[in-house]
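Turn these sequences into a full structure, and let the hints steer you where they fit.
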Amino acid sequence: MVMKTRKKVMRNVLTYGILIIAVIVTIFPIYWMLKSSVTVDSEMYVARPSLFSTGFTWDNYKELFTQTHFSKALINSLEIAGITTVCCLIISIFGSYAMTRVKFPGRRFFKTSILFSYLIPTAVLFIPMYVFVSSLGFYDNKFALLIIYPTSVVPYCCYMLMNYFKAIPYALEEAALIDGCTRMQSLLHIIVPIALPGIAVVATFAFTMSWNEYLYAMIMTTSTEQQTAVVAISSFKYADSAIWGRIMSASVITSLPVTIIYIIAQSLLISGKSEGSVK
Amino acid sequence: MAKRKMSQTRRDRRFGFVLIIPIIIVIFGVMGYPFLRAVYLSFTDKVVGSQESFAGLKNYKALIADPIYWKSLKNTMVYTVGCIGAKFLLGLLLAVILNQSFKGKGFFRTVLLIPWAIPGMVVATTWRWMYDSTYGIINSLLISAGISKVGIFWLSDTNLTLLSTMIVNVWRGVPFFMFSILGALQTLDKQQYEAAYVDGAGSLRQFWYITLPSIAGVLGITTLLSTIWTFNDFENVYLITGGGPLYSSSTIATYTYDMAFIQNNFAGALSVAVSVVPILLILIILYTKHNREET
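Quick mapping for you: the protein sequence lines, in order, are chains A and B. Residue numbers for the first sequence follow numbering that gives the first Met the number 0, beginning at 0 and rising by one. Residue numbers for the second sequence follow numbering that gives the first Met the number 0, beginning at 0 and rising by one.
It should be emphasised that the hints constitute simulated quantities derived from the structure, not laboratory data. Predicted model, so just to flag it, every value in this text is computed and none were measured. Careful: at least some of the hints might be erroneous.
Simulated DEER-style distance windows between Cβ atoms [to be verified]:
(1) A/K71 x B/T109: 30 to 40 Å
(2) B/K57 x A/E224: 30 to 40 Å
(3) B/I20 x A/D58: 46 to 56 Å
(4) B/L285 x A/H68: 25 to 35 Å
(5) A/S134 x B/Y208: 54 to 64 Å
(6) B/R291 x A/V22: 45 to 55 Å
(7) A/L145 x B/V17: 31 to 41 Å
(8) A/L171 x B/R291: 19 to 29 Å
(9) B/Q99 x A/D178: 23 to 33 Å
Dumping the calculated PhoX-like pairs for lysine-lysine here, alpha-carbon to alpha-carbon at most 20 Å [claimed, not checked]:
(10) A/K7 x B/K102
(11) A/K6 x B/K102
(12) B/K70 x B/K60
(13) A/K7 x B/K104
Glycine residues also receive a C-beta, built at the ideal position from the N, C-alpha and C atoms.
Here it is, written out as structure tokens:
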């Protein structure tokens, strides 16, 4: 009996020990990002910066919005990610419905194509895509991203939505179809409302995917007018040398909302179904 | 009546096709066409803005003779294998721990997800700042703790730069493994363990003979998916070291970028990208097959 409790205590110590180390390692970079964004320069650029800040300031945030083009970049990000999400969702809802509910030849081939294109990485595609989109005349233009992002967002959305649609019992739809509903009516009035929570989660992920995307955004937008938020952050680097306060405050603003949304969506997903991941 | 039925299936067919037309355009038009054209262009002397002419295997011959290409390929392999190994083990460990029942489980689960939720670009930038050799907090802590006298040159020591980028990739990628594995663990049947316990099998043996085999499928799929992403990780390496110094941390992804936008050699860059397509195709086909068996 004593042996057993001792074993249990050991196990608890080990569990919490490992978890606490993991939490510290996880939290630290985030803490450092937040701390650097509100620390005065005189304390930032010293040979051995201390862990805790004494010189608190909001200046980095104020300068970010008054002296840089960051607010414009945020609007660009919002615009691009918003339009991409809405368009991709519409395309994907129709497509996923067809691929899970309607029998037509070549269905399997298209399903595999979707999975394939979900997996083909940006690093392989970005030069071909750059050549292609520039040849269409979209040079240094944020709207080029509206052409590019669906190539990764649509396959992802379909991949997720097909799983949701598959889970809806066919009997629900069959009754409506026999009653004379068209396919379109059954999709819009039966399938979509049932899958709505799932669709909301997928929309969140689609939005964060576009919002966070860096490589394409960097090569397709060069002027400050066209940049998205993530590109604007990295452009600060070349403007000045000691601007880490500004970079960190921009990082906080760019990542905070999407991080919170993402975590909420992910926990919804876990409580519902375990499937799901985003690049 | 029969005629009506026929027309229903026919209507269905047409309807199905119409619904997926946008997807066909996106996948085959916007993605497939440039990709195939890229394969073709890698056999030419393409420069952006000018007409290309066929150059045969010239770009590929140049690649084979290019030591930086081989260096980048080797780095990519080290990066992928090292990061995947670390993410796998840490993810598995944390998933097994989180699968127990204890106080504060929900809190730990949420906090440990955060690295995956933050934009990769922001993660890389923050670490770049922490790695800074003079003002960085990591060196400051190492010196204070007496581990290092002058600090470690994370971004300039050519023996370390690749490792510096790998640490960040692992930091961000562990939650993905952790959550996938946790999802699989939660579906396991408790009765198996009770039976094993009655038979006198200890925790380690239970883990080895019951847990591991039952989650093998998910482990495989997670590893494959993450391998594809890690192999092609661009922003992490690019934003932390830029592939340098002296190409010490250059990977296939950053070298492709370097060739295209720094050296302005588009055809060469395309041949770098196309050269790893066979490896990726194998991984993707494996994943597709695996995925079909799982679902």
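* If you check each hint against the structure, which ones fail? -> Result: hints 4, 6, 7, 9 break, sorted rising.
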